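Just so you know, the protein sequences line up as chains X and V, in that order.
Anchor point for the first sequence: position 139 equals 139 in our numbering, and the numbering is continuous, going up by one each time.
Anchor point for the second sequence: position 226 equals 226 in our numbering, and the numbering is continuous, going up by one each time.
Hints are computed from structural coordinates only; laboratory data are not their basis.
Here the structure is a predicted model, which is why all the values come from computation and not from measurement.
Any given hint could turn out to be false.
To be verified - Straight line, CA to CA, 25 Å or less: simulated DMTMM-like cross-link-like pairs of lysine to aspartate or glutamate: (1) 100(X) x 221(V); (2) 100(X) x 495(X); (3) 149(X) x 189(V); (4) 245(X) x 223(V); (5) 79(X) x 475(X); (6) 141(V) x 208(V); (7) 227(V) x 105(X); (8) 140(X) x 189(V); (9) 140(X) x 36(V); (10) 101(V) x 246(X); (11) 227(V) x 36(V); (12) 227(V) x 205(V).
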Amino acid sequence: MQFFKKLNLIAAVSILTVGTAHAVEPTPVDWFNAGYQTVFNAKRLIANNRHAKNVILFIGDGMGVSTITASRIYDGQTKGGHGEENSLSFEKLPYLALSKTYSVDQQTPDSAPTMTAMVTGVKTIGDSLSVNQYVVHSEKNANIINANKLATILEQAKQHGLSAGIVSTARITHATPAATYAHTANRDWEGDSDKLAGATVPDIAAQLVDFNISGGIDVALGGGRTRFIPNTVKDPEYGVSGKRKDGRNLTVDWTTKHRNARYVWNQAGFDAIDPNTTDHLLGLFEPSHVHYEADRVAYDQSGEPSLTQMTTKAIDILKKNQKGYFLMVEGGRIDHAHHSGNAYRALTETQQFAAAVKAAMDATDPLETLIIVTADHSHVFTIGGYPQRGNPILGLTQGVGATTPDLDLLGLPYTTLNYANGTGYTGASNAQPAGSKTFTIPATAGWASGSEGHNPTSFQPANGRPILDSAKVEDDNYLQEAIVPLSAETHAAEDVAIFAGGPKAHLFHGILEQNVIYHVMAEALGFN
Amino acid sequence: MKISDFLKIVMAVGFITFSLPVFADTVSDSDQPLSEVACRYEMKVTSFSTPKPKALFTTAWFFWRKPNMIQTQDADGDHGEIWERTANGSIQYRKLYHIDKTAVEYMPTDMPANNMKFDWFKLSGMLSKEELNTLKLIKIKSVLGRNAELRKGNINGQALEVLWLPNENLPASIIRKDKKSRMELRLIDITPLSVSAKKPVALEEISDYRHIDAADFGDMENDPFVKKLMSAEGHHHH
Ligand SMILES: [Zn+2]
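Bound conformation, chain V alone (with noise of 0.2 Å):
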């Protein structure tokens, strides 16, 4: 299960607004460069709609940080995301289905279309510098060898709680609960990319994979590939 997808299945059992909306031109302020990390996180989700609180589900995930690159996959390794900031500071967003070696390519021109803006810094460290700042510092404590900031408040009718790594501008955690669920994201592991044993797919080997604008997948309903990716979750339920 790739993240993007853990998260459509947080929004379903109710936690549709679980961020604020990632504007580019919070931008401006995140440019200084953030080290390059590797990082391993863990994700839990509960709901309470049922009589007794029931976990929804648990996953682990790779996040990887480079000045002008942003890389997930899922612990299994088939799917991934990618983010990169060109030169004339555009950001590139494609998903990457590694087992098929192909990648899906939101373009540029239909982003505006689509409401799909890009925070750097967000999307850097997770957490927006709005939504950082709305939160309330309750105390410094250690994590993982690491100072941290504990910080809570409420955003968009959530309590969020989130342990804060100033230094390398990442979240140890990031709780948030609502009456319907409760959602943790907890950092199990963070080392320097270059000694990471983990490592991202090099951007070469991305550039072999075949490429498709998700613009194009109402006319490749024949296609293996688009079929596959259409019906895979099509068809569980009940």
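Only chain X is shown next, with the shape it has when bound in the complex (with noise of 0.2 Å):
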């Protein structure tokens, strides 16, 4: 693996902080010169006291720190790199610390209270979105959830008269992007048939649409339309029944309410707006969460746009408001990929993910615009043997100068990317038989349902361990092993990293409780 020469001066000084495609083998004074380079630059940072006009906060949905580190190995190794010597886009943000995601309840937290407090500076208790922790688990009373609701920071921007957006490739009503607008105590009502009976607190996609401050969400982009349509009326791309039952249509709602208004559902509608004569734009680009990314251009029958296009879009769209404006972007699906135990469309959609806050990096100024990059919790996802450097990150282990994989003590090799739990565990499961598991399944199984990825819901004991090789471990559906057997991969409890850019970026330092967030972003903005 030597096709790495000897590293130029120039090179030197970017090794450490550029990934550099097919860069030549840094020498130990390259090294060393560029370690002395990153800190001359340090000397040099000057903290951005100034208040920043427009903030951004990037949430990659799951997205630890392994996530993080295997996605920048994935990504440079497709640059054609070892991978290591990689940065994705927000690493390159000058400002880190690290958040406590735990929630009132909860050691290891869901999407909901940790979005909460980003969005409100305050913890609350599992599955609830912007209300206190004393309001009770699916709460229906609207009177006991307005009296303990919680200012978000999209809705004190709108007080202010800065513009608000919110773009996920999650369904736009899911926790993450839901906690920026909505209050409920129960995450999952995000239509009004999903609510319980008698429930006066509206539900999620109708308070996306009935948000009126200041003339409402300027926009809102990503997937979950059929909480959108009335059961009247059927979806445009795949002609199944919307899920209102109230017989409202929220996005001709969105389009009569709002002023210069669009609702578009395709990536042809979504091309066609024009940023410069749209001030408020809805589009919702699935019936639930749109595409992986790994599957979005080959699959879509309509098409759709990535989170990039989306970001962009978005941006250029509130940036007509001199006075600013807030944006979350968020990565949904690196969480539902972890979830399902596969790896590489969890590397895949944060590569996408990094790719939508460069985008924002490029299209914003960092004198006045605050960009936050972090998660909401990690998952149980490990980088693990003693690989090589630029061991494939998807592939088997290999040592250092071994020519064949490392065995384990049962003579069998093993991945680097593995998972404590879920649904890679490599005994039968009720799904798929004993031995490695796949996303998806070759061949229908049985006349009934065809296949439904790996959701196993019972597992039998393994028999050791499978049999790998490096064309089955590297398939784009593989599913990394996991030792105890669940139904879905799990979320972790370890911290999250916050990288931060611009405006008031420096008040980001050690380790901090997930909610400082807000209060970061609430002084970037002058609102304190």
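Build the complex from these two chains, which are given one at a time in their own frames, with help from the hints.
In structure tokens:
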């Protein structure tokens, strides 16, 4: 693998910060100089104490530190390098802190209280969206919700005359985006038909469209169409029925309620939007979550924009407001890929998420825009063994100088990436036979239902470990081995990273409670 | 026990590839409407892995067919599945949990990635045209007062014996056999849907069910329904 040659002086200063495809192998002097250069640059870093005109909060749902590391290597390897030296776009932001993600009642949290903490400054209980901890789970009474709701940074931005947008690859009513604009004690009440009978608190989709501060939300792009459409109306892409029972067509309400408003549901409609003439844009590109980035182009029948395209369009609309804007962008399906135990889709989702951050960095001025990139929680995703430099990150672990994969004490090769629990357990499940599991089942198993990914509800004990080979484990659909058999891989409790650049970004330092993120944004926007 | 679980048990005993992949491209020549029927089937699996052949399972279930809807239900009425063909040819698939009044949706977004492709002919008749054509016509018989073709052959290393009702486009029986096990599906009762005493659950009723996207299971670990679903079978074994 000695295809790197001697590094020249200019390359030396960038080797630690820029992932250069086919870079030449640094010499000891290069390493020393590059390390020194990093310190030299750090000494010249000046805290930007101005107020932020704009704040963009990027959430990689479930994007723990191991996911970032593995994605960085994957991204670098797809560019032709070893991978380890690569940096994802947001890793180049100058400030970093760690975020403690536990919620009021959970050691390992879900996305509802974590996003609530980030956008309201207050930790709350599991499944609750921007209401305080005193509201019981699934509280039906709108008066109680109102009395205990927590003001969000998005609401405050609108009150101060800024524009506000939300972008996600999940349903736009899903926990992370919903916490910015909705108040409810059950994150699953996304449409009116999801609520308990007698609940007077409005559903999340209605709260999005009926949001009435300063003319309403300006941009909302993501998935989740059926919760906006009545059950008498068919979905334009698939012909399935809408889910609303109250007869409201919220996509129509969006355009009638707002000025210069448009609703789009596919790539063509999205591309036709002129940001200069559109002030309120609702884009819902799938009935539920949008496609995984790995599948989007190949499989979507009507076409749908990438997270990067949605982010860019949102900024182009929001930036027209001279007072500034607040934008939340979520890479929502990193989490889903991990729950499925499929590292490939988690890494490619993260790669696309990083591209969206880069687009935002390119489109904004760091002197006036605070960009924060963080996660709501981690996943039980590990990078193990002693693979040599440049070893394929999805591959079998192969040690330094070795010509064959390393073997465990059963004499079997193993992968670098694994999960501590989840669907990749190798005993027979009720859905797949003993051995390695796949995200995609190659042939339909039986007449009944076709395949459905690997959503097991039971496992038999595994007998040893399967025999792995490179082709199998580097397949896009391979599910990495899991120690504890579960129907879905779980979130993890360790801290997640906060990357930041722009005004007040230096206030992120050390290990912080997750709700501090709100307070930095409020400080930056001058709301304190 | 729901049919899909039954089939999964069949798989677990080594009957892994008991059908061909269901590819959507084979739908094209199956567009003539099939008769609306209500059927009751019985399924039996016998294992040969043990010294003596051992009956693993017998179960009965209902099958209803309309031009654009297939619905199944377990004999006890707890579980079912529904496939609907929409105006633009998409197939919506949901698992139904009648006691919990809950439907689990498998979204079109996740189907290609999960290799979920539906062959409407196969859904409507349990065998694809390719499978039927692979089997050799042995003789014409009469079953339940109807014409039936006895067809035999091998698919994926398994001996297959089918009694096919050509007018109804349904099997009167399917027997699949390999060294490890034998699976038998037998039609017990068939009537026109309009006169059937046992009807499928109405679409309006299903639309009132709580709907969950299967992609959200990982984030619903505290949800009582999901908890029950995920642990229901997990706690059985030894
Ligand atoms: Zn999750």
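Taking the hints in turn, this is what the structure says about them:
no.: 1; hint: 100(X) x 221(V); in the structure: holds, 21 Å
no.: 2; hint: 100(X) x 495(X); in the structure: holds, 5 Å
no.: 3; hint: 149(X) x 189(V); in the structure: violated, 58 Å
no.: 4; hint: 245(X) x 223(V); in the structure: holds, 23 Å
no.: 5; hint: 79(X) x 475(X); in the structure: holds, 18 Å
no.: 6; hint: 141(V) x 208(V); in the structure: violated, 44 Å
no.: 7; hint: 227(V) x 105(X); in the structure: holds, 19 Å
no.: 8; hint: 140(X) x 189(V); in the structure: violated, 47 Å
no.: 9; hint: 140(X) x 36(V); in the structure: violated, 43 Å
no.: 10; hint: 101(V) x 246(X); in the structure: holds, 19 Å
no.: 11; hint: 227(V) x 36(V); in the structure: violated, 37 Å
no.: 12; hint: 227(V) x 205(V); in the structure: holds, 24 Å
The structure does not agree with the numbered hints 3, 6, 8, 9, 11 stated previously, though it agrees with the rest.
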